[in-house]
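Novice: Going line by line, the protein sequences match chains A and B.
Just so we're aligned, residue 1 is where the first sequence starts under UniProt numbering, counting upward by one.
Just so we're aligned, residue 1 is where the second sequence starts under UniProt numbering, counting upward by one.
Heads up, some of the hints might be wrong.
If chains are identical, the list can't say which one is meant, so a pair holds when it fits in one copy or spans any two.
[To be verified] In silico DMTMM-like cross-links for lysine to aspartate or glutamate, where the CA-CA straight-line distance does not exceed 20 Å:
(1) Lys47 x Glu190
(2) Lys326 x Glu372
(3) Lys432 x Glu396
(4) Lys19 x Glu135
(5) Lys267 x Glu320
(6) Lys144 x Asp412
(7) Lys314 x Glu268
Because the hints were derived from the structure by calculation, they are not lab data.
There are 2 protein chains.
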Amino acid sequence: MKVVKFGGSSVADANQLKKVTEIIRADRERKAIVVSAPGKRHAKDTKTTDLLITLGESVQAHVQNQAIYDQVIERFGSIIRELELDQSILEKIKNRIDEASDLVKTDVNRGMDALKSCGEDGTALILSAYLQTRELESYYVNPKEAGIFVSDQPGGALVLDESFEHLYKLREREGVLVIPGFFGYTLDDELVTFSRGGSDITGSIVAAGMKVDLYENFTDVDSVFCVNPMIVENPQQLKTLTYREMRELSYAGFSVFHDEALIPAFKEKIPVCIKNTNNPSGDGTMIVADLPEREGHVAGIASDSGFLNLYVSKYLMNREVGFGRKLLQILEEEEISFEHAPSGIDDMSVIIRDHQLPAEKEEVVKDRIQNELQVDMITIERNMAMIMIVGEGMNEAIGVASKATTAFRDADVNIDMINQGSSEVSMMFGIKSDDLNEAVRSLYKAFF
Amino acid sequence: MKVVKFGGSSVADANQLKKVTEIIRADRERKAIVVSAPGKRHAKDTKTTDLLITLGESVQAHVQNQAIYDQVIERFGSIIRELELDQSILEKIKNRIDEASDLVKTDVNRGMDALKSCGEDGTALILSAYLQTRELESYYVNPKEAGIFVSDQPGGALVLDESFEHLYKLREREGVLVIPGFFGYTLDDELVTFSRGGSDITGSIVAAGMKVDLYENFTDVDSVFCVNPMIVENPQQLKTLTYREMRELSYAGFSVFHDEALIPAFKEKIPVCIKNTNNPSGDGTMIVADLPEREGHVAGIASDSGFLNLYVSKYLMNREVGFGRKLLQILEEEEISFEHAPSGIDDMSVIIRDHQLPAEKEEVVKDRIQNELQVDMITIERNMAMIMIVGEGMNEAIGVASKATTAFRDADVNIDMINQGSSEVSMMFGIKSDDLNEAVRSLYKAFF
Numbered sequence: 001m002k003v004v005k006f007g008g009s010s011v012a013d014a015n016q017l018k019k020v021t022e023i024i025r026a027d028r029e030r031k032a033i034v035v036s037a038p039g040k041r042h043a044k045d046t047k048t049t050d051l052l053i054t055l056g057e058s059v060q061a062h063v064q065n066q067a068i069y070d071q072v073i074e075r076f077g078s079i080i081r082e083l084e085l086d087q088s089i090l091e092k093i094k095n096r097i098d099e100a101s102d103l104v105k106t107d108v109n110r111g112m113d114a115l116k117s118c119g120e121d122g123t124a125l126i127l128s129a130y131l132q133t134r135e136l137e138s139y140y141v142n143p144k145e146a147g148i149f150v151s152d153q154p155g156g157a158l159v160l161d162e163s164f165e166h167l168y169k170l171r172e173r174e175g176v177l178v179i180p181g182f183f184g185y186t187l188d189d190e191l192v193t194f195s196r197g198g199s200d201i202t203g204s205i206v207a208a209g210m211k212v213d214l215y216e217n218f219t220d221v222d223s224v225f226c227v228n229p230m231i232v233e234n235p236q237q238l239k240t241l242t243y244r245e246m247r248e249l250s251y252a253g254f255s256v257f258h259d260e261a262l263i264p265a266f267k268e269k270i271p272v273c274i275k276n277t278n279n280p281s282g283d284g285t286m287i288v289a290d291l292p293e294r295e296g297h298v299a300g301i302a303s304d305s306g307f308l309n310l311y312v313s314k315y316l317m318n319r320e321v322g323f324g325r326k327l328l329q330i331l332e333e334e335e336i337s338f339e340h341a342p343s344g345i346d347d348m349s350v351i352i353r354d355h356q357l358p359a360e361k362e363e364v365v366k367d368r369i370q371n372e373l374q375v376d377m378i379t380i381e382r383n384m385a386m387i388m389i390v391g392e393g394m395n396e397a398i399g400v401a402s403k404a405t406t407a408f409r410d411a412d413v414n415i416d417m418i419n420q421g422s423s424e425v426s427m428m429f430g431i432k433s434d435d436l437n438e439a440v441r442s443l444y445k446a447f448f
Numbered sequence: 001m002k003v004v005k006f007g008g009s010s011v012a013d014a015n016q017l018k019k020v021t022e023i024i025r026a027d028r029e030r031k032a033i034v035v036s037a038p039g040k041r042h043a044k045d046t047k048t049t050d051l052l053i054t055l056g057e058s059v060q061a062h063v064q065n066q067a068i069y070d071q072v073i074e075r076f077g078s079i080i081r082e083l084e085l086d087q088s089i090l091e092k093i094k095n096r097i098d099e100a101s102d103l104v105k106t107d108v109n110r111g112m113d114a115l116k117s118c119g120e121d122g123t124a125l126i127l128s129a130y131l132q133t134r135e136l137e138s139y140y141v142n143p144k145e146a147g148i149f150v151s152d153q154p155g156g157a158l159v160l161d162e163s164f165e166h167l168y169k170l171r172e173r174e175g176v177l178v179i180p181g182f183f184g185y186t187l188d189d190e191l192v193t194f195s196r197g198g199s200d201i202t203g204s205i206v207a208a209g210m211k212v213d214l215y216e217n218f219t220d221v222d223s224v225f226c227v228n229p230m231i232v233e234n235p236q237q238l239k240t241l242t243y244r245e246m247r248e249l250s251y252a253g254f255s256v257f258h259d260e261a262l263i264p265a266f267k268e269k270i271p272v273c274i275k276n277t278n279n280p281s282g283d284g285t286m287i288v289a290d291l292p293e294r295e296g297h298v299a300g301i302a303s304d305s306g307f308l309n310l311y312v313s314k315y316l317m318n319r320e321v322g323f324g325r326k327l328l329q330i331l332e333e334e335e336i337s338f339e340h341a342p343s344g345i346d347d348m349s350v351i352i353r354d355h356q357l358p359a360e361k362e363e364v365v366k367d368r369i370q371n372e373l374q375v376d377m378i379t380i381e382r383n384m385a386m387i388m389i390v391g392e393g394m395n396e397a398i399g400v401a402s403k404a405t406t407a408f409r410d411a412d413v414n415i416d417m418i419n420q421g422s423s424e425v426s427m428m429f430g431i432k433s434d435d436l437n438e439a440v441r442s443l444y445k446a447f448f
């Protein structure tokens, strides 16, 4: 039994929904289908969810925005027409949108959540109806009916444990079940949405609850690449990687999907397959719990810019018990989250994402560190990039560090920071942003 | 003008003191001489300070220990006889030892400090007298007279700022000034000792106070080696290194002297020269403020075993603000000082010296981390060694990391941890203790 999730581009128009239908028809194991709201049909298109948010904002501003309203309705209307479905479906979607808009006037949070959920809900209504016309027994299943109960945090709901039991019962249902992603209900019966990208969360929750054999996540890429294809042309595709590798790779640059969304599936050790709706016969990428057989020890190279290095030095720092802790505490009190903190004997670098420490906060932070820790020197260097080499068991392999650092040297790139702890599946390098592409290309050449 | 410090082996017997005298006579710039207590004359000998401590402990235990007492007196007696000095010097030393022993009975801390100081004091009395017989105008200068004022922390005194002004006045004094190391006086006129190895502290303080051109530290090695000579045979000697390099090298394995002792001299940017009493014409090693010209970028390789790796992993750790700080805080509360804390996305390694986390504390620490941080996994791996490659400007040089990691690979050694922050003068590697010698030899071959 499989749970299958289709992302926004997979349900962007009638033609895409036809592909989705064929995918579902091709494998009777595909029991529960989780869908996103219609996404972009072309580069300049607007996602349905963004249209719904704009609509909600005009309601909040007491502005009549007929154009946006018509646009939303037409997104669904055109799909329904092209799939030759009954117009009553459009009426249903329209009613939900109207009700949600009205709710925005009296309760902004509840109203906005209800309005945002109309995209996924509309897709689910349409797809379940279309599957029937293609001779598949299928049902629209509302998250409440499915038993997806969540905490009452509008726009950031967390699933409640009791949901999984309810979801397990879906195994007994007849036919194909089409469930709108992105939202659930509180125990008080209020609709609340997950964070953005929440259809991935729904998919993962449903897969975990139903304890299926496979969770398929259909998107618009053939597979996960071992390196950013914007930097290296036609890079190798990853056939298999582990949850941990996926998580490390997601950290920087590998934004195939919302990696945290996979936690429920990971906890149940359900394998996840990333596939392409536009090329369903491709192998895709499998994400599994256990180390796959693999040539070499490196699975992929992740990279991202937009980091800064906060550097402090103080003579005899390492004899001062609690220095590192105090430094991190100041950052915590200033609500700055850090990434890494490699330390020497008398100095410490703290790697922070640029946006965590905006320029206007710099002086405050520097002053506090200066005054409270009496450091000898403090500097902040922006324009840093991080490169991460990821692979299970890599750290048991002799020579990976050598190969990697030699690749940096060959690209004539100076390494500002190296961070590798034992038992970890990654090795991290900090370099100047300007050197990023050169370094990644050289690493790719060395490892793939 | 120079301040010269002679360590324990340089003043171990009459013959050594003759060498010391020739060294002082050879250069009239050698104005102030700081001396240790007589050290070991051969491998199985006992240091005078250790004899004095044993003596003090028997007094505390109300045990008459004539053998130890006689041994202490004979250490000084034999030197005085061989140098053909007046027996009144021995009487003076004996009186001080007797008074200090008496004081131990009524005030242990004060008494022990006074007793421990008798070694250095005796050397200074003897040397100043002997210099006179060798036609050098010379004076014994008690630390009180010199103006070395310290905090009232028995066995761990810290110098008070006003000392430096007093010491500056010593420049005006006639002749060669012989000052016993290791102790000073509180503003209330109480004798208090520095921590063990405190003659280096006195030397550095006197050099800083007198603002001399050079601080010479005579010991029993020709110079600082670029690698542990117990691991690599006849390694290269270091002609020059910077304060920062010295400090990093001292961290592990380079125990030529008490590196923290040098702080006062460093603060005044006084160059320090390490020389060998048994080979005074050798170049020695200069420790300076600014980067020396040097072939290659690496100054030395330090190494030490006796570390452990506390490893924790927790899914989504990096989204948890304050995780790293909380972990370090638990360690701080358990009075465990850590060395480094490299972190991955969802895990963190904390490198700790073995003795900081004794086996009986392990469970408490593990339980606290488990309960307070709800981690997924926690392991403690002992038998780790750390290797540090040190060199000013190394991090500006491309290819050092590559050379180093390739040396590990060539030695077939797996690297468990790498830690390098930007602007640092060192790069640190964690490996299994068993691999230490192989790795150091391979690194030496690569860099020297």
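Novice: Look at each hint and say if it fits the structure.
Specialist: Here is how each hint holds up against the structure:
| no. | hint | in the structure |
| --- | --- | --- |
| 1 | Lys47 x Glu190 | neither (25 Å within a copy, 81 Å between copies) |
| 2 | Lys326 x Glu372 | both (9 Å within a copy, 19 Å between copies) |
| 3 | Lys432 x Glu396 | between (29 Å within a copy, 12 Å between copies) |
| 4 | Lys19 x Glu135 | within (15 Å within a copy, 105 Å between copies) |
| 5 | Lys267 x Glu320 | between (41 Å within a copy, 18 Å between copies) |
| 6 | Lys144 x Asp412 | neither (57 Å within a copy, 59 Å between copies) |
| 7 | Lys314 x Glu268 | between (47 Å within a copy, 16 Å between copies) |
Figure legend: structure checked against the earlier numbered hints; hints not met, in rising order: 1 and 6.
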